[in-house]
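Visitor: The lines below spell out each chain.
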Amino acid sequence: MSHDGLSKMTKIEVVTSGADSHAVRELFRTAGATGFTSLSGVSGLGHHGYHQGRLLFNDQATLELLITVVGDEKVEPLLAGLRPLLAESSGVMFVSDTYVSRPEYFR
Amino acid sequence: MSHDGLSKMTKIEVVTSGADSHAVRELFRTAGATGFTSLSGVSGLGHHGYHQGRLLFNDQATLELLITVVGDEKVEPLLAGLRPLLAESSGVMFVSDTYVSRPEYFR
Amino acid sequence: MSHDGLSKMTKIEVVTSGADSHAVRELFRTAGATGFTSLSGVSGLGHHGYHQGRLLFNDQATLELLITVVGDEKVEPLLAGLRPLLAESSGVMFVSDTYVSRPEYFR
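Residue numbers (the working numbering), protein chains in the order written: chain A, 1 to 107; chain B, 108 to 214; chain C, 215 to 321.
Wrong hints could be hidden among the right ones.
Chain B is faced by these chain C residues, among others (derived, beta-carbon under 10 Å) [stated by the list, open to error]: (1) 218; (2) 250; (3) 253; (4) 254; (5) 276; (6) 281; (7) 304; (8) 312.
25 Å max Cα-Cα, derived BS3-like pairs, lysine-lysine [unchecked claim]: (9) B/115 - A/8; (10) A/8 - C/222; (11) C/222 - B/115.
Residues of chain A placed beyond 10 Å of chain C at every Cβ, according to the derived structure [what the hints assert, rightly or not]: (12) 27; (13) 33; (14) 38; (15) 41; (16) 72; (17) 87; (18) 97; (19) 101.
No lab work stands behind these hints: they were computed from the structure. Quick reminder that beta carbons are idealized off the backbone N, C-alpha and C, glycines included.
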């Protein structure tokens, strides 16, 4: 995809427990993200706890979805910080391409 | 996009009525998805009902957004199951590339 | 990515204040989008207000996430309408590739 006037950035979505959400937001900030979007009303199963054997299939955890968008140069530092945090907390992270119209908002 | 240490997966997002959400989750499970994320507080218009002529433009339905991430080999079976279910229920599905750091969580 | 039976479309996500949400939905409609999905329970920081110097880091705004999916020919008109609206309102927009199984729903 190529859209005139749009700049390619990286969107990082993290699904995490409410308890770990503050740590994820702090990590966004220290890695240089200029902001984030947070969604509540999130529940989940499997990706987020199944591997710890604590949840049955209808036993959903209360979670938060945190989204940030950063330029290329901030992706690796951000992922480097998120990996150990998510490994401990059984959160998951999705990394995708996205395009924005005002890249200076995210730098 | 190519990020060191990340694996390409497929993210499947389904917007469906609360009534059909259980069937979609069951389909995720039988197609081998290892988990899902569910968002409440979702409403929508058009894509989800307009075509049945039941909704005016400000008449929003209460919906749920279900997200799962799977490896390549599970995409086709999952889509094959979702298509007839969504055709019946006027739900919609979005399929996107995404990258994860721990692909074993999604296999 | 290439999936048999899926059509490439463009997903436009807008994070905006509740006050501006109606204007964004109207813009979707006049640009020819056939529908949208709206998520409540959204808060955010930085991308959405930081640049106006009104928010401290833990001072989150109440926002709405609006998602629409359109065919290629509607992307530019939609973005042309959203840019000035978001510039005024400090909202943000993310544009991504996505694939759908029933493209006629989005045209």
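Visitor: Could you run down the list of hints and mark each one as holding or not?
Guide: Now the hints, each set against the structure:
no. : hint          : result
1   : 218           : 7 Å, holds
2   : 250           : 6 Å, holds
3   : 253           : 5 Å, holds
4   : 254           : 4 Å, holds
5   : 276           : 12 Å, violated
6   : 281           : 8 Å, holds
7   : 304           : 22 Å, violated
8   : 312           : 5 Å, holds
9   : B/115 - A/8   : 18 Å, holds
10  : A/8 - C/222   : 18 Å, holds
11  : C/222 - B/115 : 18 Å, holds
12  : 27            : 13 Å, holds
13  : 33            : 7 Å, violated
14  : 38            : 5 Å, violated
15  : 41            : 4 Å, violated
16  : 72            : 16 Å, holds
17  : 87            : 26 Å, holds
18  : 97            : 7 Å, violated
19  : 101           : 6 Å, violated
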